[in-house]
Amino acid sequence: MKKRFLSSMLAMSLILSIIIAGSAIALARNQEQPVSPLAQQVLQRDDLPNSQGYYAEEVTEDRFPGPSSPVNTPLQAEGFLEGYEASAWHPYTLQEEVNEELVKDGQSGAFVLNVAYKYQNKSQAEAAFEQQIAFFDQKLPTDFKVESVDYDRSLATANGMYGHATRLTYPSEGITWATYWFLGIKDNTLMLLMVDGLPDPATQEVFDSLVTIVVQR
Amino acid sequence: MTNNWKIVSTLVLLALLTVLTPVVSEAKPLLGWFTTTAYKHDVSHYDPWYEAHYAAFFNGDYGKNQHFLGTGGDAATAPYSGGIAAWDWYPPTWQSRLLTPKTWLIIESWRGASVASNYEATVFH
Chain A
1 MKKRFLSSML AMSLILSIII AGSAIALARN QEQPVSPLAQ QVLQRDDLPN
51 SQGYYAEEVT EDRFPGPSSP VNTPLQAEGF LEGYEASAWH PYTLQEEVNE
101 ELVKDGQSGA FVLNVAYKYQ NKSQAEAAFE QQIAFFDQKL PTDFKVESVD
151 YDRSLATANG MYGHATRLTY PSEGITWATY WFLGIKDNTL MLLMVDGLPD
201 PATQEVFDSL VTIVVQR
Chain B
218 MTNNWKIVST LVLLALLTVL TPVVSEAKPL LGWFTTTAYK HDVSHYDPWY
268 EAHYAAFFNG DYGKNQHFLG TGGDAATAPY SGGIAAWDWY PPTWQSRLLT
318 PKTWLIIESW RGASVASNYE ATVFH
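If you read the sequences in order, they're chains A and B. Everything in the first sequence is counted per the numbering used here, starting at 1 for the first residue and increasing by one. Everything in the second sequence is counted per the numbering used here, starting at 218 for the first residue and increasing by one.
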C-alpha cells in the first residue's frame, strides 16, 4: 500500500514538473521580444496625441526599397547597427484659404515619419549624416524651393544633438507640396524627422512641435 | 490498469498538451489566398529622393482585388489615378504594398484615407 502511495506521489510530482515547465515555456514565448533602446528615442504614441495610425517598428535594410534617398541611404552606410521608426498621420485644419479650397471643410493633415539609426561609432554616424545632407545640395528644378527652417538649436545643443532643418516645396500631381526634414546627430545615433503635407502654416506647426521633442531624445 | 494509473495517464496527456499548445498557436497558417485588411498605412519608398510614396501594407504577397472600406467605398477613389482597382502594388517583385496616391490622402483624409483597416485586398500568405 505504502509502495503504491509513493509511486502515485512520484507520478504526480512528475506531472506537476511538466505542467510548471510547460507553463514557463508558454509564458516565455508569449513575452514580447526585448525592446531596443532605440525604440525609446523615436516619437512615442503620447508624443502624437491626435494622430491616427501610429505605428512603430524596427527598420530593416529592405524597409525603403527603390531609389536612394535620405531615408534609405543611412541603412547602407558603414557601421550601421540597427534602426527604428515611428510613423503616423497627423490630422489638422488648414489655415490658409488657398489650401482650404482643396479639401472638405479645411480638413487635411500631414504624414510624420521619424527614424533613428544607430552606428558603431560617432564618426560613422557623421559620415551617414553627410550623405543625407548631400541630397539637399543637389541641383533641383527651378520651381522647387529649398529653405532652411529655424528650430531651437540651443535646446538641441543642451541635449547633445546638432542637425539641420529644411523645407522643400515642390509640385506633384497638380498640387504644391511642402516636406519638412530634420536630420540630426547625437553620439552614434542619427535622427530623421519628416513631416509631409501642404504648404500651410498648420504643417509647419506640426513640424515645429515634433522637432522640439526629437532634439530632446 | 488501476484507476490511479488511468488518472496519471490522463494528467500526463494534459501536461503534454499544455507544453505543446504554444507551439501550435505560433504555427503559420497554411499557404493560400486570403482576403484581409492592411496592418499599417505608412511611407513605402521615395522616388525621386524627395518625394514620399505611401502605401497600405499587407501581410502577404501578390495583392489583388483591392477595395476601400471607408466612407464612400471604392467609388470615392475613382477620381484618383483611375480608382483603387487601378492602383499599383509595390515592390514589383512581392506586391505586398498597395500604393495610395498622395492627392487622395491629403484631399480625402476625412474619409479615412490614411486608415490601414480601410484597405482590403486578397493576398497570398
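It cannot be assumed that every hint is accurate.
To be verified - Think about it this way: if two alpha-carbon atoms lie no more than 20 Å apart in a straight line, the pair counts; the simulated EDC-like pairs of lysine to aspartate or glutamate are:
1) B/Lys281 with B/Asp291
2) B/Lys257 with A/Glu58
3) B/Lys281 with B/Glu337
4) B/Lys257 with A/Asp47
5) B/Lys257 with B/Asp278
6) A/Lys145 with B/Glu268
7) A/Lys122 with A/Asp62
8) A/Lys122 with A/Asp187
9) B/Lys281 with B/Asp305
10) B/Lys257 with B/Asp305
11) A/Lys104 with A/Glu173
12) A/Lys104 with B/Asp291
13) B/Lys257 with A/Asp62
14) A/Lys122 with A/Glu82
15) B/Lys257 with B/Asp291
16) B/Lys257 with A/Asp187
17) A/Lys145 with A/Glu173
18) B/Lys257 with A/Glu57
19) A/Lys145 with B/Asp264
20) B/Lys257 with B/Glu337
21) A/Lys139 with B/Asp264
22) A/Lys139 with B/Asp305
23) B/Lys257 with A/Asp46
These are computed hints drawn from the structure, not numbers from a lab.
Hint-by-hint comparison with the structure:
1. Restraint check: the Cα-Cα separation between B/Lys281 and B/Asp291 comes to about 14 Å, which is no more than 20 Å; the hinted pair holds.
2. About 14 Å separates the Cα atoms of B/Lys257 and A/Glu58, which keeps this hinted pair within 20 Å; it holds.
3. Simply put, B/Lys281 and B/Glu337 have alpha-carbon atoms about 9 Å apart, close enough for the 20 Å limit, and the pair holds.
4. Distance check on the hinted pair: B/Lys257 and A/Asp47 sit about 19 Å apart at the alpha-carbon level, within 20 Å; holds.
5. Distance check on the hinted pair: B/Lys257 and B/Asp278 sit about 15 Å apart at the alpha-carbon level, within 20 Å; holds.
6. This hinted pair checks out: A/Lys145 and B/Glu268 have alpha carbons roughly 14 Å apart, not beyond 20 Å.
7. Between A/Lys122 and A/Asp62, the direct Cα distance comes to roughly 24 Å. Violation of the 20 Å bound is thereby established for this hinted pair.
8. Under the criterion of a C-alpha separation no larger than 20 Å, the hint pairing A/Lys122 with A/Asp187 is consistent with the structure, at around 5 Å.
9. A hinted pair counts as satisfied when its Cα atoms are at most 20 Å apart, and B/Lys281 with B/Asp305 qualifies at roughly 10 Å.
10. Restraint check for B/Lys257 and B/Asp305: satisfied, since their Cα atoms lie roughly 17 Å apart, inside the 20 Å limit.
11. In summary, the hint linking A/Lys104 to A/Glu173 is supported, as the alpha carbons are separated by about 18 Å, within the 20 Å threshold.
12. At most 20 Å may separate the alpha-carbon atoms for a hinted pair to count; A/Lys104 and B/Asp291 meet this at roughly 18 Å.
13. Between B/Lys257 and A/Asp62 the CA atoms are separated by roughly 17 Å; this keeps the pair inside 20 Å, and the hint holds.
14. Distance check on the hinted pair: A/Lys122 and A/Glu82 sit about 14 Å apart at the alpha-carbon level, within 20 Å; holds.
15. Under the criterion of a C-alpha separation no larger than 20 Å, the hint pairing B/Lys257 with B/Asp291 is consistent with the structure, at around 19 Å.
16. In summary, the hint linking B/Lys257 to A/Asp187 is not supported, as the alpha carbons are separated by about 31 Å, beyond the 20 Å threshold.
17. Only pairs whose Cα atoms come within 20 Å are accepted, and A/Lys145 paired with A/Glu173 is accepted, the gap being roughly 17 Å.
18. This hinted pair checks out: B/Lys257 and A/Glu57 have alpha carbons roughly 11 Å apart, not beyond 20 Å.
19. At roughly 18 Å between alpha-carbon atoms, A/Lys145 and B/Asp264 fall within 20 Å of each other, so this suggested pair holds.
20. Of the pairs offered as hints, the one joining B/Lys257 and B/Glu337 holds, with about 12 Å between alpha carbons and a cut-off of 20 Å not exceeded.
21. The suggested pairing of A/Lys139 with B/Asp264 holds, with an alpha-carbon distance near 16 Å, which does not exceed 20 Å.
22. Restraint check: the Cα-Cα separation between A/Lys139 and B/Asp305 comes to about 30 Å, which exceeds 20 Å; the hinted pair is violated.
23. Distance hint between B/Lys257 and A/Asp46 is fulfilled; the C-alpha atoms sit about 18 Å from each other, no more than 20 Å.
Going through the hint list in order, the structure does not satisfy hints 7, 16 and 22.
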